[in-house]
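S.K.: In the numbering used here, the protein residues as written are 494 to 644.
A few of these clues could be false.
For lysine to any residue, the following SDA-like pairs were computed, each having C-alpha atoms within a straight-line distance of at most 20 Å [what the hints assert, rightly or not]:
#1 LYS599 / THR566
#2 LYS558 / PHE533
#3 LYS564 / MET494
#4 LYS564 / TYR537
#5 LYS564 / ARG553
Quick caveat, the hints were computed from the structure, so don't treat them as lab data.
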Amino acid sequence: MPYLQVGTPVDMDFNPSRVPSRINVGQIFECSLGLAGYLFDRHYRIAPFDETYEQGASRRLVFPKLYLASKQTANLWVFEPMYPGRSRIFDGITGDPFEQPIIIGKSYILKLIHQRCLLINRIILELVRKLRSLEEQYLNPRQVIKNKEWK
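Work out the full structure, taking the sequences as your base and the hints as a guide.
M.R.: Below is the structure:
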């Protein structure tokens, strides 16, 4: 299990080849800002990360917070000047550092509400399908949605 420079094990790590297809740049900055907020015991409420107003605005918001967090909490691993926003982690088996620094952060992962609604709709449709088959009036779930017979 990989661990940080202070010995704390890493909870979750992502394959870098999968990040571009699943995570946008704003979520990566949110992760770094979340780490600074976690160390300060503070929550930040900001507008979505957007570079339309000024180039590099997101970096100028996040990196100073990480720098202050590293200085004020004596966690120098939080902000390394050579790799701003990234840190070195170590292999749990050999103890050697990984070749490239890695983004470390605290991310707030929220499950989307519409996924839960889709699951509830699917359960309701299965119940409707079973009831219709009991009455020998079996309907396809798509017909149920199209006709809006379920409530």
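S.K.: Indicate, hint by hint, whether the structure satisfies it.
M.R.: Against the structure, the hints come out as follows:
no., hint, in the structure
1, LYS599 / THR566, "holds, 16 Å"
2, LYS558 / PHE533, "holds, 10 Å"
3, LYS564 / MET494, "violated, 27 Å"
4, LYS564 / TYR537, "holds, 19 Å"
5, LYS564 / ARG553, "holds, 17 Å"
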